[in-house]
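The residues making up each chain are set out below.
Protein chains: 2
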Amino acid sequence: MTSYRYARRAEILGKSVFDHEPGAIILNSGLAYPPLLPDVSMEAANAARDRTAEVMQYSGLMGLPDLREAVTGFVANDGVRCRPENVLITNGAKHGVDLACRVFVEPGDRVIVTAPTYMTSMNHMRSHGAQFLPIPQDEDGMMTEVLEAKLQRLTANNERMPKLLFDVPDFHNPTGITMSLRRRRHLVALASRYGFIILEDDPYRRVRFEGEAIPPLKALDEKGVVLALGTVSKILSPGLRLGWVIGEPEIIDRMGLQKSEGGSCPFTQRIVVDLMRSNRMAEHIDLVAKRMALHRDVMVEALARELPDAKVRPPQGGYFLWAELPEGVSGEAVADQALKHGVEVSSGRLSFPEDDPGNFLRFAYSYPEPEEIAEGIRRLGIAYREVVAGA
Amino acid sequence: MTSYRYARRAEILGKSVFDHEPGAIILNSGLAYPPLLPDVSMEAANAARDRTAEVMQYSGLMGLPDLREAVTGFVANDGVRCRPENVLITNGAKHGVDLACRVFVEPGDRVIVTAPTYMTSMNHMRSHGAQFLPIPQDEDGMMTEVLEAKLQRLTANNERMPKLLFDVPDFHNPTGITMSLRRRRHLVALASRYGFIILEDDPYRRVRFEGEAIPPLKALDEKGVVLALGTVSKILSPGLRLGWVIGEPEIIDRMGLQKSEGGSCPFTQRIVVDLMRSNRMAEHIDLVAKRMALHRDVMVEALARELPDAKVRPPQGGYFLWAELPEGVSGEAVADQALKHGVEVSSGRLSFPEDDPGNFLRFAYSYPEPEEIAEGIRRLGIAYREVVAGA
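Sequence order for the protein chains is A and B.
Quick note on numbering: the first sequence equals residues 0 to 390 in numbering that gives the first Met the number 0.
Quick note on numbering: the second sequence equals residues 0 to 390 in numbering that gives the first Met the number 0.
One should not assume that every hint holds.
Identical copies go unnamed one by one, so any copy, or any two together, can satisfy a pair.
To be verified - With a cut-off of at most 25 Å between alpha-carbon atoms, the simulated SDA-like pairs for lysine to any residue come out as follows:
{"no.": "1", "residue 1": "Lys222", "residue 2": "Ala6"}
{"no.": "2", "residue 1": "Lys339", "residue 2": "Leu35"}
{"no.": "3", "residue 1": "Lys310", "residue 2": "Pro356"}
{"no.": "4", "residue 1": "Lys289", "residue 2": "Ala52"}
{"no.": "5", "residue 1": "Lys149", "residue 2": "Ala23"}
{"no.": "6", "residue 1": "Lys222", "residue 2": "Tyr3"}
{"no.": "7", "residue 1": "Lys222", "residue 2": "Gly22"}
{"no.": "8", "residue 1": "Lys310", "residue 2": "Glu105"}
These aren't lab readings, by the way, just hints derived from the structure by calculation.
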């Protein structure tokens, strides 16, 4: 048997988060709720039949002009003013993270993240050799005062300054926290002052259950320091594999040139154009938000009943929920024990760039039926008590 | 205005090859012939309507099981014996090149290529910091005797040995050359002996006009040293953005984990499954091959008439044609002058990893109508004579 000489980055990206245990109740995946997956058969047939020359040919690296235009309208509702030349079409938001890393990150470069942060993006940034500068969160999101102090110290010590910051300011993955307006303004000011780029990952913004929307970081950006990542995965369908990046043309043109897949699929781009131009997209988002609110309620109630020791912050939107177990109880042990009872939850460990406190769990309520959520949390309670009893 | 601190690789990937001059006759692009783009509206509507849960959800990183299975049947016709677990679905062949580089190439690693070679793949390998070990071609393809001598010298000098080899053995881009069976056997033996991986890029194999097919390198590989890249771009539609890599599970699993786009689009995967399972794929390939033979004939005849000084090797298949101008006549000057006459051809310079001889042109005959090919070459003849007269 041949033995192969792999590059270091082949060791960094580990087990796929998309592997699931057959038969288990899935409480750890941001899959779409299956009954709400849209039927796009009409849009698909129209695209294939009426626009063959457009959708069956290579399209440009930057995306279809019509979709770049449609995205400007979509984000205008959030107060983001941009033109088609500010929009790069991608194969989902993670693809945007990767392209930004290709354009900005050299091995050893520092990337600012919240601790905890979105695990999959963190792994992709790691594969580019990124080092992390972790910043804690409170109820108002990333603690930008802590960040500022760290940046001052790095400057004073003449150390390598961070080039990128990654955050999910709305309904953060995994914590569900939404960053306050004051912190948002502070963060954008810090980026301008210290010369780093903010990657604003915003898949859940439209999936709001209650409370008032806060402008995205990109709407507060006057200096071109924010790259805003969007995706249809959480509001329409993950299978279309489409997202976008909004930023300065100078940056996104370079990101487009890094694409190795010859440009995003024009066929699914055309489907999304049609959905964005019609009312279907907005109607669908309403359905998703209403449904996710119900799932959130069921999970929060079940946790209060079955796991009263856990501290849970009910999120006001999004797909994810974060729970703190009593100090000394291992989230990893509970997750492992839960799997024996046929329930998948994620240990918080995967979401920390370093220094895992050890006692956190990440849940997603998007995919299962409410009855499965309740049953899954019931079994999790059993697993939890077994771990505590055994410890 | 903010100034940005880019990574080195942002400087490496230059102008997109997909940008075209409006109104020009395009004789330098492997775009599909528009009248032959397939209408997949029925397959698309069926996929969206009947398989919503499959095509609208995240699929796995490795690809839909049905497509992995269908690809094994497709390549069995070429004598490649493999199982679904040997097949990774990608967003086209270039995506496979990039994933292979992520898994194998560290900055400074050597990659063996023919000189000239496929420009876009070369640029992506460069962006990973690859250094090239260029090997000349003759009528029988890459001169493996020259490669063997170089590998012996590197070994004797205890130098860094190459990790990868990239080649297009059937209807090579840009030269159109097909590698002989003897050379193929020799190359696979060298890969086993010297421990490098062969990336076999094979988009044009089925687009054969005449002569007998030769087994692909993968069919000769008993040691797991060949990664065979495939794509539907040149035989069906570039817009579906689908390809595959066939290799040892150990390698392709690692490549799948490097995907930043959350897995290839399940929706277009399902369309390709249906086309592969039906007769439509095979029928379509026949149409493409017949059409491309006609385009080749028109271009070869026009070049003999309008550019009799050029040495042209009529390819037996594929999309590309390579022409040698008299020594001292600059391919780049001729290409620039042709553009003034509204014709796009590529200077050979873009296809050489280093040491461009300077007097080559690359043509593609896939996209334009035969009349455009004839008219384009007529104008090229004018441009050529102007350059020679001015020199």
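Hint check against the structure, violated hint numbers in rising order = Hints 2, 5, 7, 8 contradicted; others consistent.
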